[in-house]
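First to last, the sequence lines map onto chains A and B.
Here the first sequence stands for residues 1 to 318, numbered as in full-length UniProt numbering.
Here the second sequence stands for residues 1 to 544, numbered as in full-length UniProt numbering.
Since the hints were made in silico from the structure, they are not lab data.
One thing to keep in mind: the hints can contain errors.
Per label pair, the in silico range of CB-to-CB distance [stated by the list, open to error]:
id, chain 1, residue 1, chain 2, residue 2, range
1, B, D81, A, K133, 31 to 41 Å
2, B, S314, A, G128, 38 to 48 Å
3, A, A240, B, P148, 29 to 39 Å
4, A, K133, B, G315, 18 to 28 Å
Beta carbons: idealized from backbone N, C-alpha and C, even for Gly.
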Amino acid sequence: MHPVLKLVVQRVALGLLLLLAVSAVIFLGVEALPGDTAQAILGQQATPEALANLREQMGLDQPALTRYFQWLGGVVQGDLGTALTNKADIAQSIGQRLGNTLFLAGCAAAISVPLAILLGLIAARYAGRWPDKLISGVTLTTISLPEFVAAYFVIFLLTQVFPIFQPVAMVFPGMSFWAKLHAVALPVIVLVLVVLAHMMRMTRAAILNVMQSAYIETAELKGLTPMQVVWRHAFPNAIAPVVSVVMLNLAYLVVGVVVVEVVFGYNALGQYLVDHVTKRDVPVVQAVGLIFAAVYIFLNMAADVIAIVANPRLRHPK
Amino acid sequence: MADTLLSFNNLKIEATAYPPGEPPRHVVLVDGVSVSVEKGKVLGLIGESGAGKSTIGLSAMSFGRGGVRLTGGEIVLNGRDIRTASAGALRDLRGREVTYVAQSAAASFNPAKKLMEQVIETSVAHGVMTKAEAEARAVSLFRQLSLPNPETIGNRYPHQVSGGQLQRVMTAMALCPKPDLVIFDEPTTALDVTTQIDVLAAIKRAIHETGVAALYITHDLAVVAQVADDILVLRHGKKVEYGSTDQIINAPKEAYTQALVSVRSIDHAEKPQAAPVLSVQNVTARYKGTSFDVLKNVTVDVAPGQTLAIVGESGSGKSTLARAITGLLPPASGRITFAGRTLSADLAGRTKDDLRELQMIYQMADVAMNPRQTVGTIIGRPLEFYFGLKGAEKEKRIQELLDQIEMGKGYADRYPAELSGGQKQRVCIARALAAKPKLIICDEVTSALDPLVADGILKLLLDLQARENVAYLFITHDLATVKAIADKIAVMFKGQVVRYGQKTDVLTPPFDDYTDLLLSSVPEMKLGWLEDVLTTRKMESAGN
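Whole structure, please, built from the sequences with the hints as guidance.
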C-alpha cells in the first residue's frame, strides 16, 4: 500500500476510535449528573411509584451499559432520540439548525481563511515594516474585542450609521440563497473579525520560519521578486502548521459561536444547545455534544491528512 | 582590459556582530580586496573560515547575507558598478548574468518542488528562454553532467536523489540561464571523497564546455588547484597572495600560503604491534526492528598508547562501530573486551570504571557542550563524577588540564560561545582526558575545522598520547588525517572491514578495489591530478 494511503487510513481509523471514546465520555458525564430524565420530567414533587413507572416505561431501569449501547445503536442509525421538553424528534430539529450553523460558518470561513492567509503572506513579506505592523495591530485589536462588543459595534455601524443591513439575522426555509447571504452578513463580519488574527499570525510565523532556510536564499539569488519568493518557495513549505490552525478556527466557527447567534437572533445549533441545557433536556445535550465532538475530530483529522499529503517526502517515497 | 567580466576594486564589506553579553560590535569582513575575473576564466578563492571568501563570492551578485553590508569600493560587472544598484536592477542580474551553486545542495533545493521546476525557474522568470527551451537545455546539461536518466531525473523531488547528484543538478540549475559568471561556494565540501572526484570532474567539464567564467570558493587548496586558472588567497578578509594556480601551488611567496600548501605533512612513524587494550571480535549489529546488518562481523583491536584509524565514507558504519563499543547500540552477536574484561553489550550493564576509561570526542564540539556552562564547569564535571574532586583540588586539576590543551588561565570562566572552533574542540579533549581514560573514541574530530587548526588538534592529540599513554579509535573519512595519526588502519565499506592492518601495510599496494578507489580519490596538491586519475581509471576499465 502507498505510504500516504496507509497513513490516511490510520488517521481516519484513529478518528473513529476517538469519536467512540468521546461518545462514552459524553454518556458518562450526563449519567454522573444528579437525578435522571424521569426525575426531570416529573419534577421534584413526583411520588416514588410514578418515578419507578416512568423509568420502567423509558427503559431507565436497565443497567447503564445496556442503555449506552441502545443510545449508540440509535445514533449509528441516525436516531438521536426525542426531546423531553417538546417530544420532537431530535434528528429533525438538529438537521435544519445544523444547516444554518454550517451556512454561517461556511460563509465566515470562505472570507476569513483566504483573507487571513493573504494578510499573513503580506505581513511576512514586509516583516517588521509598516504593512506588517498595521496588519498585526488591526487584527490583534479585533481579536481582543469580546464578540458581543464587536457585534454591537458592527450593528451600530451598519444598521444605524449606514443602514445597509438588518440587525436581526432571520433565516427560514424557502429563502433564496442571496436573501440568506444578505441576512447573515452582519454575523459573518463579526466572526471574520474574531478568527482573522489567529490564522494570520500563524501564517506569518510559519512563513518567517521557512524564510530562514537555505533554499530561500537560493530563490533570492535567482533574482525572483520578494512576493514570488514568499508565494512559490516559502508558502508550500508552511502549509502544515497553517492548516492545523485554520482547522481549529473552522471548528470554533461551528461549535463556539453561540454568543454571536444570540446577539443576532440566528437560529442555529449553539442556541439550541444552550436552550436545552437550561431545560435539562438530556437527550438533546447528548446529541448536540456528540455532533460538536464529531466536527472537531473530523476537522483535525482533515488537517492531519492535508499535512500528510502536502509533504513531498511522504507523497513521493524514495 | 576588454575581456574583463568582473572586477572588485578596493572592496570593503562590513557587518555588526552581537556577541552575548556585550554591546554590538562593528566588524570588517572584507578589507580593500581588488581582483578581477576575465571572461571564461576560473578564479579560485581560498582561505580558512572567516577569511571572507563566501562574502566576496556573494558580493559578485551584490548580495549580503544577513546583516552584511557592502560599504565601500566598486564591484564592476560587465562594465557597470553593481554595488549601489537598485533592488530591481539587482533582481535582473541575479540568476541571469550571475548564478550561484551552494555548498549544501540538499538544503538549497526547495523540498516541496520538483527538480526540473527549480532548474528552469530562473531562465523562464527572466525571459531568457521559453519553458520548453529551458527544459531541453536542462536535460542536455543533466547529460553533460553525467547524471543518471537525464530525461526523467527532473521529475524527481530533491529527497529522491543522492547528495552528489543533487550537487550536479544545482550546477545544471546555475548553468541553465546561460550566465556570464557562476559562483561555486564549496560545491564538493559536503561530499564523500569518491563522490567529490566525480562531481569535480563534471563541474570542470561543464565550465569548459559552456565557456562560462567562475568564482570557485573552497578551503581545500588541492581541490581548487584542479579547476582554477588563478588563485586568490585570503585571510581575515584581506588579500594574502594572488597569482596563477601554477605559481601558488608550486612557488608560493607568502608564509601563510606556504603553510597552506604544506599542511598535513605531519610525519608519524607507526608503533610496533602490542597486546590490545580494546578488542572487538566478530561484532554484528542491527537497529531495533530491522533485519539489516549495519555492522557485519567486525574484528579490530587497539593497543595501549596507539591509534586505530577507522576510514570509510558516510554510511560505511564507522560511527555505528563507535556506538556498539560505547554500548549505545548493543551488538546482536560478537564480543568486545576492554582492559582485560568483557564489556557488557548494553550500556546499563557497564560499571563506572568501564564508562570512565572509555571516553568520546565528537565532530561538532559546538553541540557537544552545554552552552550555558563555563569551560571550568564542563571540564570539572567528570572530575566530580568519577573522582569526587571538590573545591581547590578540583580547580587545580582543571587548570592542569587547561595547560595540557595549551589554553591559558582565563579560559575556565569563559562560555563555549566565546571560543573559536579549535578551542572548543580542545575543551572537549580536556573533558575526555579529565576522566583519565584508557581509550578515547574520536569521531571525525577534525572534520569541521580549518586545515591549519585541524593540524594543531592532531599535533595536540599525538602529544597527549605520548604523555598519557591513551589509545585512540580515530574515525575519519579523511585519508590525510589517517596518515598523520594512525598506527593501524581499518577500511570500512557497507558495514564491513574490507582492509585491516598496520598503517604501512594497509597503504602499500596491492590494494583491493575499494581501497584503491578511496586512496586514488583523495585530491593531491598538484596540477593535472584530476585528469591523471580519470585517465588511469578509464584505461583500467578499458583493460577490464
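We went through each hint and held it up to the structure:
| no. | hint | verdict |
| --- | --- | --- |
| 1 | B:D81 x A:K133: 31 to 41 Å | holds (35 Å) |
| 2 | B:S314 x A:G128: 38 to 48 Å | holds (40 Å) |
| 3 | A:A240 x B:P148: 29 to 39 Å | holds (32 Å) |
| 4 | A:K133 x B:G315: 18 to 28 Å | violated (49 Å) |
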